[in-house]
Amino acid sequence: MGPTLDFLTLLPYVSELLKGFTTTVILTVVTTLTGLSLAVAVAYLRVNAQPWVRWGLGGYVEVTRNTPFIVQLFFIFFGLPGLGIKIDAITAAFIAMTLNLAAYSAEILRAGISATAKGQLEAGRALGMTTLQSYRHVVLVPAFARVYPALISQSIIVMLGSAVVSQISVFDLTYAANFIQSRNFRSFEVYLLITLVYLLLAFGMRRSFMLVGKRVFAYQQGEQR
Amino acid sequence: MIEFTFWDILRNLLLATRWTIVLSLIAFVGGATVGLLLTFMRLSSNRWLQRLTSLYVDLFQGTPLLMQLFLIFFGAAAMGHPISAWLAASIALTLFTSAFLCDIWRGCLEAVAKGQWHASRVLGMNYFQTMRHVILPQALRLSIPPTVGFSVQVIKGTALASIIGFVELTKAGTMLNNATFEPFTIFALVALLYFALCYPLSCYARYLEKKLYDAGLR
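Just so you know, the protein sequences line up as chains A and B, in that order. Heads up, the first sequence is in UniProt numbering, so the first residue is 1 and it goes up one at a time. Heads up, the second sequence is in UniProt numbering, so the first residue is 1 and it goes up one at a time.
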């Protein structure tokens, strides 16, 4: 085979590409929401819970941050059924991606939270807010605003890492590419195409995150400068 | 059929860990060399060199490492020069590492206050003298913690080489799993071995970071 590229050979497989694209987008949107929510809970509990809870969550964060995502995925999908916990591929992908994003984001958030002065929380209480109210308005939201750029990057890293879920037969963008190249033997063309799609996804994600951030953290802009 | 005991599994995984370590070292050394080159290209006064380098960094940071691996592995074959999984993994991980290190190091160089450039110029130092005596020594101190921290990402990145058939720790795990049907034990061990490689580096990076912070440099 000569070094000629022929993208027209991909035309008959548009529906597969669309299916894979949809799966990747849904996986990303859902796990970004669940992952970041879980991260808030983990970050909160790592500061405020009983010592043994803190210790356990610390273990979860460290193990997740120091092992490859693909191994976490394999452990959940292949390993857990060995204990009698049966899950299908897409659920395993959801769980693995959520746990992965949550561990990294919790650590990022923790840095943002610890930058809040203790006196501010007490000031909030003194103004008559409940513990939860003052935590939310004084600590959490400003912390979120402070580390928002890092959270964007981390969510994008998890989206790009999701290419690996094709290995447990989730029909995502990469799986679609693997499927197509096994039919038409045009591996380079199809991988080049979906790499471009991932690049656009990453770009689109950063853009939409920043739009959301501009609205949500609008009143924080002064403080951030 | 051969029976595998727990020790057989562990021994095989440990043997495969060697290749994870070797591949990580290749990627890190190669990536650091290319990354250094890129960092200086990024800082040069030539607009085109700057743009080209940022494009390179954006491309590698904005696409999945798995696709970079596939494109090099299958791309070489499509051009009529098939390469081994070894070589493909080494090249892909080197390029991936260089893009991230370039970004980290550029940040460190730019973190040294701009006024110091002007001050050195006023003192009559040229570009290279300023770089060597004023900027680099400070940037180097700043760059060590994030560089050590990134080495963890490189080690974890090598796990993807298993997908193009390179037998390292993860691939050995899946192969052993196919032979023994003990996925829980095997993948727990695989994770544990990665953890044993990565966690000390993470701790060291954190320690260095704290030392810099305490020295008032951050």
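Everything labelled a hint here was simulated from the structure, so no lab data went into it. A portion of the hints provided could be inaccurate.
To be verified - Cβ-Cβ distance ranges computed for the label pairs, FRET-style:
{"hint": "1", "chain 1": "B", "residue 1": "Met79", "chain 2": "A", "residue 2": "Ala117", "range": "52 to 62 Å"}
{"hint": "2", "chain 1": "B", "residue 1": "Ser54", "chain 2": "A", "residue 2": "Thr9", "range": "26 to 36 Å"}
{"hint": "3", "chain 1": "A", "residue 1": "Leu121", "chain 2": "B", "residue 2": "Leu52", "range": "43 to 53 Å"}
{"hint": "4", "chain 1": "B", "residue 1": "Ile21", "chain 2": "A", "residue 2": "Glu122", "range": "49 to 59 Å"}
{"hint": "5", "chain 1": "B", "residue 1": "Ile83", "chain 2": "A", "residue 2": "Gln120", "range": "53 to 63 Å"}
{"hint": "6", "chain 1": "A", "residue 1": "Leu132", "chain 2": "B", "residue 2": "Thr33", "range": "51 to 61 Å"}
{"hint": "7", "chain 1": "A", "residue 1": "Glu122", "chain 2": "B", "residue 2": "Leu49", "range": "25 to 35 Å"}
{"hint": "8", "chain 1": "B", "residue 1": "Arg206", "chain 2": "A", "residue 2": "Ala49", "range": "16 to 26 Å"}
{"hint": "9", "chain 1": "B", "residue 1": "Ser84", "chain 2": "A", "residue 2": "Gln120", "range": "52 to 62 Å"}
{"hint": "10", "chain 1": "B", "residue 1": "His133", "chain 2": "A", "residue 2": "Val30", "range": "35 to 45 Å"}
{"hint": "11", "chain 1": "B", "residue 1": "Ser54", "chain 2": "A", "residue 2": "Ser208", "range": "19 to 29 Å"}
Using N, Cα and C, we set each Cβ at its ideal position, and we do this for glycine too.
Hints, one by one, checked against the model:
1. Met79/B to Ala117/A: 52 to 62 Å: The hint (52 to 62 Å, Cβ to Cβ) holds, given that Met79/B and Ala117/A are roughly 59 Å apart.
2. Ser54/B to Thr9/A: 26 to 36 Å: 33 Å, holds
3. Leu121/A to Leu52/B: 43 to 53 Å: 48 Å, holds
4. Ile21/B to Glu122/A: 49 to 59 Å: 50 Å, holds
5. Ile83/B to Gln120/A: 53 to 63 Å: For Ile83/B and Gln120/A the Cβ distance comes to about 57 Å; the hint holds.
6. Leu132/A to Thr33/B: 51 to 61 Å: 52 Å, holds
7. Glu122/A to Leu49/B: 25 to 35 Å: Given about 53 Å between the Cβ atoms, the range is violated.
8. Arg206/B to Ala49/A: 16 to 26 Å: Because 22 Å falls inside the window, the suggested range holds.
9. Ser84/B to Gln120/A: 52 to 62 Å: 58 Å, holds
10. His133/B to Val30/A: 35 to 45 Å: At roughly 53 Å between Cβ atoms, Val30/A and His133/B fall outside 35 to 45 Å, so the hint is violated.
11. Ser54/B to Ser208/A: 19 to 29 Å: Given a distance of about 22 Å, which is inside 19 to 29 Å, the answer is holds.
The structure does not agree with the numbered hints 7, 10 stated previously, though it agrees with the rest.
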